[in-house]
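Make one complex out of these two single chains by using the hints.
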Amino acid sequence: MLGTKSAAELCVLLIDELYGQLPSRVFAALLARGRSNVGKLVQQSSLNPKQVRHGLVVLIQQNLIFYHTDPDAPHSLYEANPSAAYNLVRVGKILDMVENQYGRTAKLLVHDVILLGQIEIAELVRHYKHEHCAQKKDSDGEVEAGHNGINGDDHTNPNHINGNGTASSATEDEYAEPEDEEVYDILAQLIASGFIESVTASTFQSPEDLRTGVEQEVMKDFPNGLRGAKQTNEFDTMVMDELKSIHGERTALKRKLQDRLDYEPNIKRRKLTNCGWANGFVATGGGSLLDEEFDTMIRLNHDKCIVELRNQKLAEHVEDIIGDTTAQVYGALLRALSKKISRCRVSGILSNEEADFLEPRVSTDDVFEHLSPSVDVSFGIGTASEDTIDIRYAEKIRRDPPQLQDPSFQDGLQEGDVVVASDDEYDETGELTNGAAVNGSRRGSKPGQNGTKVKGEDGGPLSSQRLRQMRQHLLILAESKQQFVRHCGAGQWTVDFGPLLQRVRFIELDTMIEESFGRQGLRLTRILREKGKIDDKTLPTMALMRKPDVHVKMAEMEMAGFLDVQEVPRDNNRAANRTMFFWFFDEERTLRRILDSTYKSMVRCLERLEVERRRRKNVLSVTERRDVQGKEKDMLRSDVYSEWLEFLEVEKKLLGQIGRMDDLVAILRDY
Amino acid sequence: MDEQTSLLKTQLYAACEDALTRDPDRVFTQNELMGLDVVQDAKMLLQLIIPLQKEKLFAPVQFEGGTAWRLRSEAEAAKYKLLTSHDQVLVYDIIDTAGSEGAWQQDIKRRVNLQDNALRKALKELETKRLIAQFTTVENISKKMWIKANIKPSARTTGGPWYTDQYLDEAFIMVLQGVVMSLIKDRGSYLSHGDRQSGSMSPVLPKKGVINGATSEAALKSKKRSADAMSKEDVVSVPPPKKVWKTVRLPLPAGYVDYPTTEAITAGIKESGVAKGQPLKQEHVQELIDVLVWDNCVEEVKMGDRIGYRAVRITKQNPSLSVRPDSEDFWEPRGNGLTTVPCGRCPVFELCEEGGPVWAGGCEYFDQWLA
Numbered sequence: 000m001l002g003t004k005s006a007a008e009l010c011v012l013l014i015d016e017l018y019g020q021l022p023s024r025v026f027a028a029l030l031a032r033g034r035s036n037v038g039k040l041v042q043q044s045s046l047n048p049k050q051v052r053h054g055l056v057v058l059i060q061q062n063l064i065f066y067h068t069d070p071d072a073p074h075s076l077y078e079a080n081p082s083a084a085y086n087l088v089r090v091g092k093i094l095d096m097v098e099n100q101y102g103r104t105a106k107l108l109v110h111d112v113i114l115l116g117q118i119e120i121a122e123l124v125r126h127y128k129h130e131h132c133a134q135k136k137d138s139d140g141e142v143e144a145g146h147n148g149i150n151g152d153d154h155t156n157p158n159h160i161n162g163n164g165t166a167s168s169a170t171e172d173e174y175a176e177p178e179d180e181e182v183y184d185i186l187a188q189l190i191a192s193g194f195i196e197s198v199t200a201s202t203f204q205s206p207e208d209l210r211t212g213v214e215q216e217v218m219k220d221f222p223n224g225l226r227g228a229k230q231t232n233e234f235d236t237m238v239m240d241e242l243k244s245i246h247g248e249r250t251a252l253k254r255k256l257q258d259r260l261d262y263e264p265n266i267k268r269r270k271l272t273n274c275g276w277a278n279g280f281v282a283t284g285g286g287s288l289l290d291e292e293f294d295t296m297i298r299l300n301h302d303k304c305i306v307e308l309r310n311q312k313l314a315e316h317v318e319d320i321i322g323d324t325t326a327q328v329y330g331a332l333l334r335a336l337s338k339k340i341s342r343c344r345v346s347g348i349l350s351n352e353e354a355d356f357l358e359p360r361v362s363t364d365d366v367f368e369h370l371s372p373s374v375d376v377s378f379g380i381g382t383a384s385e386d387t388i389d390i391r392y393a394e395k396i397r398r399d400p401p402q403l404q405d406p407s408f409q410d411g412l413q414e415g416d417v418v419v420a421s422d423d424e425y426d427e428t429g430e431l432t433n434g435a436a437v438n439g440s441r442r443g444s445k446p447g448q449n450g451t452k453v454k455g456e457d458g459g460p461l462s463s464q465r466l467r468q469m470r471q472h473l474l475i476l477a478e479s480k481q482q483f484v485r486h487c488g489a490g491q492w493t494v495d496f497g498p499l500l501q502r503v504r505f506i507e508l509d510t511m512i513e514e515s516f517g518r519q520g521l522r523l524t525r526i527l528r529e530k531g532k533i534d535d536k537t538l539p540t541m542a543l544m545r546k547p548d549v550h551v552k553m554a555e556m557e558m559a560g561f562l563d564v565q566e567v568p569r570d571n572n573r574a575a576n577r578t579m580f581f582w583f584f585d586e587e588r589t590l591r592r593i594l595d596s597t598y599k600s601m602v603r604c605l606e607r608l609e610v611e612r613r614r615r616k617n618v619l620s621v622t623e624r625r626d627v628q629g630k631e632k633d634m635l636r637s638d639v640y641s642e643w644l645e646f647l648e649v650e651k652k653l654l655g656q657i658g659r660m661d662d663l664v665a666i667l668r669d670y
Numbered sequence: 000m001d002e003q004t005s006l007l008k009t010q011l012y013a014a015c016e017d018a019l020t021r022d023p024d025r026v027f028t029q030n031e032l033m034g035l036d037v038v039q040d041a042k043m044l045l046q047l048i049i050p051l052q053k054e055k056l057f058a059p060v061q062f063e064g065g066t067a068w069r070l071r072s073e074a075e076a077a078k079y080k081l082l083t084s085h086d087q088v089l090v091y092d093i094i095d096t097a098g099s100e101g102a103w104q105q106d107i108k109r110r111v112n113l114q115d116n117a118l119r120k121a122l123k124e125l126e127t128k129r130l131i132a133q134f135t136t137v138e139n140i141s142k143k144m145w146i147k148a149n150i151k152p153s154a155r156t157t158g159g160p161w162y163t164d165q166y167l168d169e170a171f172i173m174v175l176q177g178v179v180m181s182l183i184k185d186r187g188s189y190l191s192h193g194d195r196q197s198g199s200m201s202p203v204l205p206k207k208g209v210i211n212g213a214t215s216e217a218a219l220k221s222k223k224r225s226a227d228a229m230s231k232e233d234v235v236s237v238p239p240p241k242k243v244w245k246t247v248r249l250p251l252p253a254g255y256v257d258y259p260t261t262e263a264i265t266a267g268i269k270e271s272g273v274a275k276g277q278p279l280k281q282e283h284v285q286e287l288i289d290v291l292v293w294d295n296c297v298e299e300v301k302m303g304d305r306i307g308y309r310a311v312r313i314t315k316q317n318p319s320l321s322v323r324p325d326s327e328d329f330w331e332p333r334g335n336g337l338t339t340v341p342c343g344r345c346p347v348f349e350l351c352e353e354g355g356p357v358w359a360g361g362c363e364y365f366d367q368w369l370a
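Same order as they appear, the protein sequences are chains A and B. Just so we're aligned, residue 0 is where the first sequence starts under numbering that gives the first Met the number 0, counting upward by one. Just so we're aligned, residue 0 is where the second sequence starts under numbering that gives the first Met the number 0, counting upward by one.
Looking at chain B on its own, in the form it has when it is part of the complex (with noise of 0.2 Å):
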């Protein structure tokens, strides 16, 4: 090699060191090594990109259909010389491409195509050399995955902040969730305590007012009617809560700008300091309120180009902030005819036949329920 060509070589490294300052991750087409002004001649880049490539200054990658290649450190070049065996670069050479994501070992044994033994043994003495490590994946706990060791597994590899240690920790989510909720509920609602309801009438009304749990129950019980007991409006007023909390929320009109936004609850978290070793970015809380909103929990609230968030079925819902929304009391649970009748959870519905082995006559389900 002569002294012109490698100048020219070193002259191609700088500069497409140059160009990775702006856009690290980015990987070098034919077309775009030309473009950087340092050799105008195809035959000429090929002298240069071989040389390169032997040095493991660049590694070549398969890009959209043609070769690519990617800029590979001195520092990280120079671990190829520690390797003594071809056996050790090839497997080394994986690995390194295969970044924070890992290489699994039996991709591994597939790729290089060599026996297990060697295999095994170009691994162990990497190991040794503290080149790679070995990890888990979160996807599939059983695999042995290998990784440089100088780098952390990726995000997708690892989970992300639910995991830890390789386990979803449902805990943690849990109590997120009762943190995301309890903002939730805190801004988009209004805290009304009970003496305001049973207290003050307007003064429009003439009458006696039938309107909250227990004055309508005694208006009902009582002997006399009232005219209003007569009225139709009593055909909608359901039954009194069985659980009365003290206060209550109630919703915020129409038009309310403030309901708690991604960002908004993001912030909020980071004030609770609930997830101090883990900090969230945005879209780790956005899955959280997705979960609450498939769990029917929050609901989404249009304001503008802006979405927001409120719970829903806000007068149901516990009024205390610190009620997780896995607990029992979180709401009055809903339920409907299906719902409370026997069948509606009978393991043999199917089954349940007039004249059959089982048949409402004789059903034990229908015993306990009237009993």
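Excised from the complex, chain A in its bound form (with noise of 0.2 Å):
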């Protein structure tokens, strides 16, 4: 999946920031060679044998490589995991979604199994009494200062890049210390909901190894090889089999607590909030499950952290091309649909059992649960007159997902948007069913009428006229060109991701075009996108633009990459002016190099990071003292202590900008 220069480099990079020189050399040695073993590694990296050991233990306790041990070969294997290396970048975001959704002991315990990479239950609530109960401040402060660095999200706003820095520090001395039983809990419930994940001996072994494996496995009940179809089929379905059962046995645990905890962390979240963390959950006790499970070994599933991290990015883009309420509305549906998603994309060799989830759908009342009662869901819909609105398009229902295009068709998507036969169905009641039967008479004035003018009007429940405002938002969502959600049914909703992430990124390679080449430049490459091939001289027509300029455009974007020309000849002569020339943009290949530049990006960021630390050394190996730690304003001189206040301030700027390159990489490949 990766395979660019920059791309490893980058891994390799991210590996030395966050554990050091050593890892960070055995990890390249492996990125370069491919898969060895030790004594390869020892020629590769100039090492010797000892250290190339150690580097391999780290990197196995972080999940970072992988290895394949043959029974009948006298040398383990080692390979290169670089998405796990690349997940590292995200290990700040993750944090601090992890401390939205289920508070600051959970975020605590999801430090840990990061910074421990992999871990025993026992072991880790041990751990976690030790560390951040005990004697909080001290060691807590430099162990997440390491991490702190990475975490930035893309607020601008100081305050947020270092998320547990600075402003942590206030709650901190509020944050009352759980109970045993509360952190059991909480861990249960991170499990259940996929964020921690049991390791098995199988997690370590590549997913190819696994494969090949499970074959070789099967192979033995053919003991003639394959022949005919027949077989074959039915030595696929034996894999498929085993390696469900294989992937059933890394998941048995936390569909077991999701059975006897009802996962419903929503609701207990709430009662959290509200009646503070010393009675929140005696009841529910999901904690007590895992007394039994103390031995087993846990870690950080990467996978369903991008599910969440996608939702918060796609309820940005909500809040950028809509608006703010209907963000939060959105992001509501998404957190309800998402229990039912383990991964953005479908790997391959799960594709069967996953199948029933590929079309995940939420009801209103579902998304309605959702929604936090602070949003108020009257506002971000403009009003209009009765009239003018027309129910059967607001409330038309789409039964069938569209079509995912070929990206070179991208455009088609626009236009064609595939609406089937189920044309004119809509939803006539617009769920008045549930709302009350009070005001089920006047049917007539429920869509549009809904803006804050409306309030109170037609006398019925209050939640039930929540409901059907937080439903209008919905309605705008469905009928955006963007389709964030697609109204599948009578109070049914859905998302379709693959189209959806599709279009996401063309608006990111929008905005890139805009930014670089300016409005214009937009505009042609957008033509292009639409209409395909264009010679030279229907170009200037059409984009309404002078021939000259129109020419420079294109031949700047082409020189940096976003456009093809492709010379047709009308002669033999080829002579230039006897040639039709036609602009072409290639979307594939664009995003692809752009994905490409977003690594390089990154990897120039960390490098500049490096040199600046370089830079101020002196500084810093004073503030890296331990009776320095934590009292720098005290202990320094003044200078010295602006000098490196300075310095945060750069290392703050350049780790918050790959965090935001990062949202890119999400986009361009994970979501």
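The set of hints was computed from the structure by calculation and includes no laboratory data. Using N, Cα and C, we set each Cβ at its ideal position, and we do this for glycine too. Some clues are possibly wrong.
[To be verified] So these bits of chain B aren't anywhere near chain A, every CB distance computed over 12 Å:
(1) K55
(2) L89
(3) R110
(4) E169
(5) K269
(6) N335
[To be verified] In silico DSS-like links for lysine-lysine, alpha-carbon gap of 25 Å or less:
(7) A:K530 to B:K280
(8) B:K142 to A:K536
(9) B:K143 to A:K546
Now the structure itself:
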């Protein structure tokens, strides 16, 4: 999945940043050589075997490599797991997200899990208590400093970039120490929702190894080899079953907890925030389940985290395109929906199993349940008189998902929309059945008439009015050009992530083109994307631009690699004036290039950070001292102190920027 | 030529003229001429056509593989009588058939195969007789083009309403785009005044609302966090916009059917009186709208089988109607990770390499950015 030079450099730098030089050198050697044993790594990295082994241990502990031990071969083979290495950049975001969803204890737990790589449950709890309950301040400070850095989300607000640095220190004092029981409870929740997964022996095998192993095992049942299509099919299903059972093994604990806990973190959380920590969940007691599982190894599950990060990003896009209130409603919908989603992209191996997860749906009530009571849904939509609203369009139901089109036809998505036969279908009732009978008779005035002006007018119960207003936001989302949700049945909503993300990718692409080449550049590329290849002469007329301007712009964009040109000679001479030039825009290639540029820019930011560190070496060497840490202001000379602050500013900026670029990578690659 | 032929000839011409009143651009093929019920016999028809052609009342044209004839009015045909030399006739013929598209001097030269001098002389004579005139086309300003003096160059050669004196009138287009944009904004969104936002809260809410810019910021900064501050929704709320407009435009409810269509916009432009000297047809307005769509300022909305337009990112747009799409504060610009890092706009990005002439440590763009 990675494979470019910049991506490899980035992984190495990230490991260097978090775990130091030794593991990063071993990892670099692994990336350069592919699968290798210790001996090969020694040759490649000019380290001695002992050092290499040390490095490998760190990497295994942090889940950054796969290994494979063949009983017949003398040496174990190691293989880099670049996507795991890349995920290091998201650590801060994940912590932020977990804190927002499950509270501070959960964040600290996840933090410890990340720090320790993989750990037994009992050990984790012990560690947790040791670290955060006893001598919270001291050890915590140092440990977090390492992670803080990467923590930037795209808030430019400085308080936010270092999420748990300055901002959290205030809350830390108020933060009551949780009881043992609660820690287990929260851990159980995290496992049940999939943020933390259990580790089995198979987790350390690369997917290919796993498959090969299973295939070899299954092959033993076919001593004569595979003959004909029937046997091949049989073989495939057997392999698939076997893989499924391995996957089932991995998620066994999760499912067990899910069943028993009824998996309602949200309701519980609400209870928590209202009643405070002490008496929050006496009854639920999911933690007791973990009693039998003390020796289970656990680690962070990035797949699930990415799903949650995707929700955030999509909600941000809604905020940008439609508005704030609608984004909150969308956030609620995504939260409800993502309970049923364990990963963003369906992996090839498990496609059958997850097929039923492909189109999870949520009901309006579900969304309502997840909507925070503090969101006032009556804002954010204008009012219009009744006769300008056509309920048939507003409530249109699309049962079938749009086809994810080949990227080269992308703009077809906008026109085609694949509105199939169900075009005329719409939700006639506007879901009044679950509103209230009280206002059932006034159906005509429902949609649209929901600004604040209508408030209280029809005297129904407030919650049903609120529900209706929230529905309006959902309908707007469904109607939007980007089709953030699909109204897939009366009271049922779903999100077609594939096509939606494709559109989001193009939004990012457009942003980038507009930023680099201005509105006119954007105009020209969008024309090309819509119309395909266009010859030199028609373009200016369509774009209403002067010919020379067009040529300058086009040449500029071609130099930057955004456009391509095809020459079609009209005769054999191939003279320039007898040749037609067709411009075109290769979307897929451009997206790939942008992805690589992003990796490269991230690498540059990290390199720059290293340079800045070297530049202020004398300051940093002082602040690194144990006796100085935490009391920099008192211990340092004022000019040194201000220089240190300056450096922190620079570090914040660079790491924050890396976080923003990671958002882009996630959109282009992971979501 | 006997009397009968000449009579038939006049009849044929009259019949053609008659047919032309229904379809002025029509050309006649041989079969169609036979079908006019003047002559039944092909040989006879030929005898009629030859003199008509000589009198320049019929002009032969190539049409769908065969020859066809275009009718020329008697007044036009009379002009040929003014021509004194054979060259002039040939040249004028070409320019005449070219019609409103005009003929390029090089083309004329190639087709009549005349010496440069002779051609120039013929053109000069025709010009002094006020039969032809020179003009330029927007498609290629340097070409010498000739057209009959009494007709105007076609829209294609003048470039339609967007051109003034062969130059694209960008200022005019920009003003019109502004008008279109304001029409779309005005009719396709709801203008909400700021006081409504921060003011009353729905009675449903027991808690302090944390919704809009100022309030939420205050809530975040306050030391004591409310229960809401713990809530997940904070994840979703993005930093408050840098520029806060007093009023804001809001999207209209789903199913709204009054988004302006092309017709409505055309009418709106007419009303506004911006393009008085240059009446705009619907297709021209459509061109303007298309450009706005490509610029990502406007999007199509399907309202049944009609297509309306609404502004994109309406809440991020400047609510004022007079702001033009090219101005700075048209809307809050969008950005992403790559546009804000110096590398995203670095001219030597490709050369940048650790240990190379350009590298992150010695990068002046980073210096500026981090300063």
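Going down the list of hints, with the structure as the test:
| no. | hint | verdict |
| --- | --- | --- |
| 1 | K55 | 35 Å, holds |
| 2 | L89 | 28 Å, holds |
| 3 | R110 | 20 Å, holds |
| 4 | E169 | 7 Å, violated |
| 5 | K269 | 20 Å, holds |
| 6 | N335 | 5 Å, violated |
| 7 | A:K530 to B:K280 | 24 Å, holds |
| 8 | B:K142 to A:K536 | 16 Å, holds |
| 9 | B:K143 to A:K546 | 19 Å, holds |
Consistency with the previously given hints fails for numbers 4 and 6, ordered from lowest to highest.
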